[in-house]
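So the chains spell out like this:
2 protein chains.
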Amino acid sequence: QALPYIRCVGDSWPMTRERAYFEASALREHGRLCPDHVPEVYHFDRAMSLIGMRYIKPPHIILRKGLIAGVEYPLLAEHMADYMAKTLFFTSLLYNSTTEHKKQVARYCENVEMCRLTEQVVFSDPYMVSKYNRWNSPLLDKDAEAVREDDGLKLEIAELKSMFIERAQALIHGDLHTGSIMVTPDSTQVIDPEFAFYAPMGYDIGAFLGNLILAYFAQDGHADQANDRKAYKQWILKTIEESWNLFQQKFLGLWNKHKDGNGEAYLPAIYNNPELLSVVQKKYMTGLLHDSLGFGSAKMIRRIVGIAHVEDFDSIEDASKRASCERRALDCGKAILKGRRQFESIEQVIALVQSVTHD
Amino acid sequence: QALPYIRCVGDSWPMTRERAYFEASALREHGRLCPDHVPEVYHFDRAMSLIGMRYIKPPHIILRKGLIAGVEYPLLAEHMADYMAKTLFFTSLLYNSTTEHKKQVARYCENVEMCRLTEQVVFSDPYMVSKYNRWNSPLLDKDAEAVREDDGLKLEIAELKSMFIERAQALIHGDLHTGSIMVTPDSTQVIDPEFAFYAPMGYDIGAFLGNLILAYFAQDGHADQANDRKAYKQWILKTIEESWNLFQQKFLGLWNKHKDGNGEAYLPAIYNNPELLSVVQKKYMTGLLHDSLGFGSAKMIRRIVGIAHVEDFDSIEDASKRASCERRALDCGKAILKGRRQFESIEQVIALVQSVTHD
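First to last, the protein sequences are chains A and B.
Using UniProt numbering, read the first sequence as starting at 1 and increasing by one per residue.
Using UniProt numbering, read the second sequence as starting at 1 and increasing by one per residue.
Simulated from the structure, these hints should not be mistaken for laboratory data.
Treat the hints with care, since some could be wrong.
Since the list gives no way to pick one copy over another, a pair counts as held whenever it fits inside one copy or between any two copies.
[Stated by the list, open to error] Derived DSS-like pairs: lysine-lysine, alpha-carbon spacing no greater than 25 Å straight-line: (1) 338 to 283; (2) 257 to 283; (3) 257 to 57; (4) 338 to 282; (5) 259 to 131; (6) 334 to 238; (7) 142 to 131.
Quick caveat: nothing in here was measured; it's all calculated off a predicted structure.
Based on the sequences and whatever the hints tell you, model everything.
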């Protein structure tokens, strides 16, 4: 049941209960497209903002907690690639007509309060003085200040912010971090799409990959004599790599399967030449990688110097060790945000992540 | 009064009468923002699809007819720059909050039939075999075929088409060619915004500039012993240059005036540094120039090989002379579409236009 304020802040920050309506709508729509990874909605009561949905049973846990505990999920990349490919492809103009698309866009425009919340906490507050910002102070005071004074970052974040608000590319989850995913070694279930609306696909992909990168940088803070976490860090990197590569493979698979359908973006009468289609797809996927890296790095940065932090870092007790992990994640996020257009593959991104060493 | 079909095609192509509702809405909204260049709506009857609006008296004529006749309009660039700057700036996120923006976006999403018509005739048909296409046959048969087989063009037009449908940047007129503008030497009145919805600003700017470039290339077909049209061609080029440069100046003037307002895109708390704001604005305007050139050249191309042609060329009686003019316009459009990201100023575009010589 949605309460009339933001749960993690309290009743000092009121929030529309109507978000439950969009959460239920998105659960149903994404569930129809990808039933394996979205719980069923049994009942929705709009007046009560109440969603009755499948109970995701133990031993499912929140993915973020599994990542902190150092648990490997061998099917995670495969499952998330499947979820992202299906939910994003089938709600885009690659599959739909403009008429269907605009109808849905108009409907989700009403989830504007959630859109505004994202704008503020992801694209605005971290780059200005705001009472909501917090960070590992005083250790990261200089780092937070550097973000607020970095004109290069501000130039990039402005472009992403406008793209986020203006560009209705697909029905995105809108908050696809590792806290919105419940897992066992065999199962992956995506929950909490209360921020759903039509926005750039890269916002979802970036949220997932960016939060995996945060988990990677947090590992050194969780290492101990029993487990140095080195192998686990490699598993996270492999999961990032596979998530993107499998997503790309599945997404292009859907595109090729439906290329003669009703999708408005690439009419078969024009793009019926296999060589041209392949060039078009390469350009599309490179653009999508750059968008994903932009949004993903923005989400990394905001988790270090903005209002909402991640348990990956918060659970590191030693403040100095935590600051060291956070600083590397922040530096990595800044480098990706500024340099995202240089990357042509996820492997190049992973090489950058590995190159960010201890300070 | 809107009829239930496309006027220039006839009742074989049905069209929603609801376009009159969006035309009246856009006339009112743009008229509020720029009363000097938009006629007042006195009455709108939705059931009858009937708009009662100010009669634009003689000696006002359609700008396109003036351009064919070789009439100079010394205030045209100034007036159109004023119209475009005001209507686009004040309906964008540079001025509005996300809440207001999304509300309007949702409303105009319903004008989807007109959006689909544009998609088809501007972004699709010219690049495929379509019964609606026509051209100056047989003289331009090879040219029309070359467009349908040009993978480079198809790659670019796909990007523009998706941007056109997905990106709700501002409330655009949607059909801002020289046939939608009525003029005298002292007055400029913009009419017929039945294609209005939230889309990229560059679509309007490009429509206007692209149609001026078409008028430029048509002049050689209207030259005679009494008037070689050389001076008039220079006036058109000067008008193109001034239209963009004055637009840019006025648009940035509005931005600077309202930079501490409620616009969501660039919050004053982040972009309060004059040096940063200047870099941000330069990037924004360069992007807008590239968008305008992309959409403008797409509109040039479609007027040569698509369904709807322009009187500028159609009024050239000698088919061979007409083909020569059209071919140069087409070649120019193709060069701009493919190379638009290389241009940093409108002067560079004009140099390209001048470099396209007789075949």
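Do the hints match the structure? See the list:
no. : hint       : in the structure
1   : 338 to 283 : both (20 Å within a copy, 15 Å between copies)
2   : 257 to 283 : within (19 Å within a copy, 39 Å between copies)
3   : 257 to 57  : neither (35 Å within a copy, 57 Å between copies)
4   : 338 to 282 : both (22 Å within a copy, 18 Å between copies)
5   : 259 to 131 : between (49 Å within a copy, 22 Å between copies)
6   : 334 to 238 : within (22 Å within a copy, 44 Å between copies)
7   : 142 to 131 : within (17 Å within a copy, 65 Å between copies)
Hint violations for this structure: number 3 only, all remaining hints satisfied.
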